[in-house]
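> Chain residues, written in single-letter form:
Protein chains: 2
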Amino acid sequence: MNIILLSGGSGKRLWPLSNEIRSKQFIKIFKKENGEYESMVQRVYRQIRTVDTEAVVTIATSRTQVSAIHNQLGEDVGISVEPCRRDTFPAIALATAWLKDIKGVDEDEPVVVCPVDPYVEDSYYEALKELSAQVERNEASLVLMGIEPTYPSEKYGYIIPADKEAVSSVDTFKEKPDAETAKEYISRGALWNGGVFAYRLRYVLEKAHELIDFTDYADLFAKYETLPKISFDYAVVEKEPRIRMLRYGGQWMDLGTWNTLTEIMAEPVIGDAVLNDTCENVNVINELNVPVVCMGLKNMVVSVSAEGVLVSDKEQSGYIKPYVDKIEQQIMFAEKSWGSFHVLDVEEDSLTIKVTLNPGHRMNYHSHLHRDEIWNVISGEGTVVVDGMEQNVKAGDVVTMQAGCRHTVSAVTELKLIEVQLGKEISVHDKQKFELDA
Amino acid sequence: MNIILLSGGSGKRLWPLSNEIRSKQFIKIFKKENGEYESMVQRVYRQIRTVDTEAVVTIATSRTQVSAIHNQLGEDVGISVEPCRRDTFPAIALATAWLKDIKGVDEDEPVVVCPVDPYVEDSYYEALKELSAQVERNEASLVLMGIEPTYPSEKYGYIIPADKEAVSSVDTFKEKPDAETAKEYISRGALWNGGVFAYRLRYVLEKAHELIDFTDYADLFAKYETLPKISFDYAVVEKEPRIRMLRYGGQWMDLGTWNTLTEIMAEPVIGDAVLNDTCENVNVINELNVPVVCMGLKNMVVSVSAEGVLVSDKEQSGYIKPYVDKIEQQIMFAEKSWGSFHVLDVEEDSLTIKVTLNPGHRMNYHSHLHRDEIWNVISGEGTVVVDGMEQNVKAGDVVTMQAGCRHTVSAVTELKLIEVQLGKEISVHDKQKFELDA
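Protein chains in written order, with this note's numbering: chain F, 642 to 1079; chain R, 642 to 1079.
Don't take each hint at face value.
Which copy is meant is left open, because identical chains are indistinguishable; a pair holds if it fits in one copy or across any two.
Restricting the straight-line Cα-Cα distance to at most 30 Å, the calculated cross-link-like pairs of lysine-lysine (BS3-like) are [said to hold, decoys possible]: (1) Lys-880 to Lys-864; (2) Lys-967 to Lys-939; (3) Lys-673 to Lys-967; (4) Lys-796 to Lys-815; (5) Lys-962 to Lys-653; (6) Lys-817 to Lys-653; (7) Lys-967 to Lys-672; (8) Lys-967 to Lys-669; (9) Lys-977 to Lys-672; (10) Lys-744 to Lys-864; (11) Lys-880 to Lys-870; (12) Lys-977 to Lys-653; (13) Lys-962 to Lys-817; (14) Lys-939 to Lys-653; (15) Lys-770 to Lys-744; (16) Lys-669 to Lys-653; (17) Lys-939 to Lys-962; (18) Lys-1074 to Lys-824.
Source of the hints: derived by calculation from the structure; they are not laboratory data.
Bear in mind the structure is a predicted one, so any value in this text is a computation, not a measurement.
Input sequences plus hints: build the corresponding full structure.
Following this line, the structure appears as structure tokens:
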């Protein structure tokens, strides 16, 4: 199975665990059988592999997520990088062209597109395989997934099928309705549109060429910024007569808010927290290494990270976005392809960061115009290159770098540094990258 | 007026703003007219000075508070250091001996003892002056303050006066009663015992000599650890026939819990916090530099510091102590006589701290057996001495110190350092102090 996972969004609704560079799909909140925690993207990737060990998985996403994806899924996962955010049609067209031109997938092969963030059982991925098989058997140009609705939601689009069979043709699509209309749709047998599409690779490429003037993947990538924002539903699905829908009745949850996310937490607390016995229906997620004490709370979520603290009534938690939009907060934590960083201290003319490099990884070779840096190695072993000079480092070593000097560090074992940045204009944008001669 | 302020307690009931070394009286939570915040001890000290510019103020406290007191009140305040915690009788005896032998106060002078933590109007200190004056006029051996009760509290001792005059003799003392008994006391005209005592210096010294075998202040200090734990009420007050009580009817609050403390907050929020409009009766104190977002909270207090996060129903907040007692948390923040420190990062074999030195101050000259240290100067100017070698430092300078090497730093302007400690056994107890040759 070729599967494209659409990984979008800044996920501010799950602040302070999500931020501009850590979308909600990267929060490690799902407890695995071995007691460790995994993120949405790790869970989905693992579930796909469980159902189809041979699956070719491609993640369609923006540049800002690439480091986090490699950090969580390793280097083998395919990534179709969107140069900027357009809507789902350009994203799916680009990822489809990427599959053909970069991965060499045959135009006859079926492709399944699905969102990266539904919380589902493994049977969902069995259903995706069935969608793929139906495309392969040429039963339709497009095969969609209809989710059996559990209540008359105003949040989803609806598909009204021609009949009540497990697989049926589609009468019509309905945009997000009000609750009353949703009830009526459901009484007519409507299903939620799960945002899943299966098609033959050639089909979407042809649709793309009809709408966009481009030659191949590289050309489409180069033109991406000029493409109009248009959804796949609007550009393709609603115009396609040879369309079918497969019903999925298993668990399916949209974990977009703290209220829904806490529903599926295996235990009420992740991290260091104490709840007294007058607390009821309280979830705490604490990413810091200091304790959270909760007393007398009812129906609440408490979420603590290096970015901030959220204390919210569960119902209210869905309305967080405008408040978070107003916060002008420096990014305090990020996972990168090579490891992670934590901001420890912010002063007017200095910034102190803890950098963790994974074994075998290294930073880009780079320099800064407007700041000096000091590395204090606190654990592990590695190699530092400063202006071409190589030097082995271990805990206790100090490396000082003036503005303009080129530097990198690679980890032999897991390497941790305290990096002190000093200067009048400290900015993540003050970075020049260079090739490192082998 | 000679006034002894009893400054006790670890103040765990106001965790996470108070901790083992920062008692509640040092939390800066009271807004002054100029918009700045002051602590309980700063507020009391300022109020005393307002009422009596000549007052000789002595703070009776443990060694652990000395740095914080100097940090908040300056170097001029008198401190009677208790070598260990005994009860109020030894503490008052020691401070009284200190006044005579160290400060040279005459034995005929009156002394007023009062707790450091009542939240009161300036008129309270006018009342203390009146207590002092009554002792001076020899109207009694001991003069106490009775607080007009506002409800039948179970938390306070009661004084039952002989009559209802503003100043009266005392019939009897009652320990903390249950609410029913408290009601009955109040109906008989009882007042709360405010823990205030005024006496002639000689009087308490004589009582001390009756109960303890000692010669002078130095001898009492040396024997302090061997003294029994006994309260001043039990040892002196309840046995004294020549005793009077002055009524105080002004504002008097015991700010021992979050519930009471938040009542007197001038504004509901201190620090970076956003409350949506469904919040009611919510107080937030945030000492971190990342935001707190509150949604849909009712009757709650949220308190955030480097030590941890408290989220509590206001009523419940009074029951915090046993939960905090269980927390085994490294001290993350402390005010010292020379400035302050923040723990930024804790690893198995390293600890990273931000040190702020006030201008003109310096650390002790010291060494560590089991850890190396690195100082990264991030702002200011100062002088470092390492194994007797002096060196001026400024932002960007790095000083490395091996275990065993003697070191200190003094600040010319406010000096900030990132200190990286490295070793297998990092402990605050691993410190040898030395004299620094001028």
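> Provide an ascending list of the numbers of those earlier hints which the structure does not satisfy.
Number 18 only.
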